[in-house]
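> Those protein sequence lines, which keep their order, are chains A and B.
Using my numbering, read the first sequence as starting at 1 and increasing by one per residue.
Using my numbering, read the second sequence as starting at 1 and increasing by one per residue.
Worth flagging that the hints you see were computed from the coordinates, not collected in a lab.
Treat each hint with caution, since some may be false.
Selected chain A positions facing chain B (in silico; Cβ < 10 Å) [as the list claims (entries may be wrong)]:
(1) HIS361
(2) LEU415
(3) PHE424
(4) ASP451
(5) VAL454
(6) ALA466
(7) TRP467
(8) TRP471
(9) PRO472
(10) GLU475
(11) ARG476
Ideal placement from N, C-alpha and C gives every residue a C-beta, glycine not left out.
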Amino acid sequence: MNELTRSMVLWCPDWPVRAHALQHPELDGDAPLALIDKGEVFACSAAARAAGVARGLRVREAQARCPALAVVAYDAALDARLFEPVLAAIEQLVPGVQPIRPGLFALRTRGPARYYGGEQPLAATLIAALGSVGVPDARAGAADGPFAAQLAVQATSAESAVLLVPPGSTSEFLAGQSVEAVGDVGFAELCRRLGLSTLGSLAGFGEDELATRFGALGLRVHALVTGRDAETVVSRPAAAQLERSIAFDDGVDRVDQLAFAIRATADEVVAALIAAHLVCTAVTVTMETEGETSVRTWLHPRWFTAADLVDRVRWQLHGVGGALGLSSPVLRVTLTPESVDSVHHHEEGLWGDAPDERVHHALSRVQSMLGHEGVVTARVGGGRLLDEREVLVPWGDPVPAEIAGAAKGPWPGALPDPLPATVFRQRLAVSVADSSGEPVLMDGSGALTGDPAVLVVGAITAVVIAWAGPWPVIERWWDAAAARGVQRLSLIDEVGTAWLLVFEGGAWAAEARYD
Amino acid sequence: MTSAFELLPVERAAADLERVRELNARVRSLQRITLAGSAVEGSPVLPTLPDLQTLLPGGGLQPGGVYSVIGSTSLLMGLLAGPSAAGLWCAVVGVPWFGAEAASRLGIDLSRLVLVPSPGSAWLAVVAALADALRVVAVRPASRVSETDAARLRARLRQHDAALIAFGEWPGATARLSVAHSAWQGMGQGHGYPRERVVTVRAEVRGVARQGEWAVA
Chain A
1 MNELTRSMVL WCPDWPVRAH ALQHPELDGD APLALIDKGE VFACSAAARA
51 AGVARGLRVR EAQARCPALA VVAYDAALDA RLFEPVLAAI EQLVPGVQPI
101 RPGLFALRTR GPARYYGGEQ PLAATLIAAL GSVGVPDARA GAADGPFAAQ
151 LAVQATSAES AVLLVPPGST SEFLAGQSVE AVGDVGFAEL CRRLGLSTLG
201 SLAGFGEDEL ATRFGALGLR VHALVTGRDA ETVVSRPAAA QLERSIAFDD
251 GVDRVDQLAF AIRATADEVV AALIAAHLVC TAVTVTMETE GETSVRTWLH
301 PRWFTAADLV DRVRWQLHGV GGALGLSSPV LRVTLTPESV DSVHHHEEGL
351 WGDAPDERVH HALSRVQSML GHEGVVTARV GGGRLLDERE VLVPWGDPVP
401 AEIAGAAKGP WPGALPDPLP ATVFRQRLAV SVADSSGEPV LMDGSGALTG
451 DPAVLVVGAI TAVVIAWAGP WPVIERWWDA AAARGVQRLS LIDEVGTAWL
501 LVFEGGAWAA EARYD
Chain B
1 MTSAFELLPV ERAAADLERV RELNARVRSL QRITLAGSAV EGSPVLPTLP
51 DLQTLLPGGG LQPGGVYSVI GSTSLLMGLL AGPSAAGLWC AVVGVPWFGA
101 EAASRLGIDL SRLVLVPSPG SAWLAVVAAL ADALRVVAVR PASRVSETDA
151 ARLRARLRQH DAALIAFGEW PGATARLSVA HSAWQGMGQG HGYPRERVVT
201 VRAEVRGVAR QGEWAVA
C-alpha cells in the first residue's frame, strides 16, 4: 500500500484580482472589480463580492448587481507570470514546491515541519512570507495527501486561516466533504441524484463496485475517498528568474546603439534559460521611454536565440517609431520569457530537421534586414474577392485558426478555376469602350451600356476579342455599413491576356490579370 | 556471433558507393566554381513541369542556372510548380501581385513558399541570403543588374545548387522565357467564362528560339 505524503497546500484567495492589482498599482484596490473570461465573471474583488457579484455570472447581470463594477478581461498569462516571484519567495524558505495553479501550491511537510518545529509554525512562517510579497490574506491547510490538503485549505476562512487535519484522521475529514470535491461535474450530479451527497457516503462502496459503475473514474474516486490517494507532491524544478532588463540612465535614441547595448542582456536571458534546461518560444519585450511604454509579445517558430531577441527588440522599435526610433529616448528594456519549455522537447532529431533549420536561418536573416513583416507565407482564406482570399502571415507567427475554417467556404460568387496569377493589391484604374468609342458602363439594372470592344490600361489600348459578364458579387447585404456590391467582367485582349475587371463606385478597375 | 554493428559485405559495398558518389559530387561542385560559364552538362536537374522541360536546356531547371521570365506571372508559377511539388522550398522576392491561390492551384505548396513582397533596394542581398538555403528563388529585379553582381550571385547559386528565376531581363541568363500567345476556351461575346488556357511559350537559349505549348491546369 502506498505511503501517504503528508502535504500542505497554500492558497492566495482571489489571486487573479490581486495579480491585476499588482500589475496596475495606480488603480484603487478597494474598488469593486471583476475579471471577465468568455463573457462570464472569472474572479472578483472582495468589494464586488460584497455587492453580490459571484463567479460564473454573466457580465450584464454582475453590472446590474453592482453598478460601480469595473470590468477587465482576464489575462491568464499575467496570473501565471506574477505568481512566479511568489513561488520564488516560498522556495527561499522550503524546497520542493509544486504549483497547482496560479494562487495555489502544495509542498511536502515532513522535512520543513521538522525544521520549523511543527506544522503550525510552518504554516505561520509561510503565511507571513506570503504577506511580505503582497499576499496578506493567504490560507494554509494540511492533511494526508495533496487532495485532502487542498480541501482543507478550501475549508479555511478569513478568521481561521489555517486548518491542519491531524495525521490519520484524513478519512473522517474527507467523509464530511461534498461530492463536488472530486472535480467532475457530471459525476457529482449523478451522485446527488443517487442520494450520495458526501464523500463519506461513497466510501461505503468497495473498490470493485465503484470501478464497475464508473470505470477509471470510480477507481480514482475510491482512492480519494478512502484517503489512499497515491498522488504525491511533485516539486517543480528550481525556478530561475528568467526576466532580464537593462536601464539606460541617459536614454538611447538610436536603433543601432540600442541593438548593440541589448546584446549582453539577450545573452543573459538565453544563458539563464540554458542553465535551467529550458528554451523559450515566446518573449515579451517591454520598452519604456519618458511617459510611454511599448509592450509586445513575440513568438518564435523554434526557440529564441540571443540574436533573435535582439532582432525582436529592433523590430519593435521600428514598429513603434518609424525607421529611426521612438519619439523619446529609451530608458529601459525588459525581456520576459513568456512560454518556456524543456530543452528536451526541442532537441533536434538525430537525422532530420537540418534543411528546415537552414531555411529558417536564411529567413530570419532576411527578416533582420527587412523587419518582421518583410517575410511572409501565404495562406488561402475565405472570401469572394481575390485579394481578400489571400492571408499573408509573417514568418514565425502562427497561422490564425479562423483561416482554415473560412477557406472551406462555401463562397458562392468566388471565381472558378483557373485563377488569375496576377492579383493587384491596389486596383488598377482602367476604362472600357465599345466599338464606336463610347465608354461602356453599368446601367441601373446591372446591365452593360454597350458591348466592350476596347480596353484602356494606362497608356496601353488593347482590342477585346472576347468578353463575359457582368456577374454581381454582393456581400453582407444585411449590414448597411459593411455591405459591398461589385460587378465583375472578364475580358480577353488580342494577345491572349485575360483581365478581370470590377465595377465599383461608377468606374472600372482591374482586380486581376491572367498573364 | 557477429556484433550488431558490424556491416554485412553488401552494406559495406553500398556505403562505399555512397562515399564515392559524395566525393564525385564534391569534385563536381569544385569544378563548377572554377569553371566559369554554364552549369556542367549532365548534372541532375530540379524537377520541372513536363510541358516546360522540353523548352529548357538540359531538360529542366538546372542548379546554378538563371532563367529570365518576361511578363507572365503564370509562367513564373509554372517554373516554380515543379520544384515546389517535389518538396523543395521556393521564394518569390519583389512580386507583390503574386496570386498565392493561383499558385497553389498550379501545384505550388504554400507551406514551403516564402514571399518577400517588397524588399526595396535590398533585393539583391535578400536573394543572396535566400539562395543559401532555398533551392529556387524567383525575383523581380527592382533595378538594373550589373554584370559583376550577376556573376557573383551566379557563383553563389552554383555553390548551393540553387536556381534563380528572374522576373525581367537578366544579364547572361541560361534561358529567356516569354509568352508568345495564349489561346482561351470557354468565353465568347458576352457569355461563358475563361475556362481553359493553352499558352505558347517562347524560349530563347543562346540566341536560338524555340516554342512549345503549355496547358495551364
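> Decide, hint by hint, whether the structure agrees.
For each hint, the structure was consulted:
1. HIS361: 7 Å, holds
2. LEU415: 9 Å, holds
3. PHE424: This interface hint holds because 6 Å falls under the 10 Å limit.
4. ASP451: 7 Å, holds
5. VAL454: Constraint on VAL454 of chain A not satisfied, violated at 14 Å.
6. ALA466: ALA466 of chain A check passes; min Cβ-Cβ to chain B is 4 Å, inside 10 Å.
7. TRP467: 6 Å, holds
8. TRP471: 9 Å, holds
9. PRO472: 14 Å, violated
10. GLU475: Cβ of GLU475 of chain A sits 18 Å from chain B, so the hint is violated.
11. ARG476: This interface hint is violated because 21 Å lies over the 10 Å limit.
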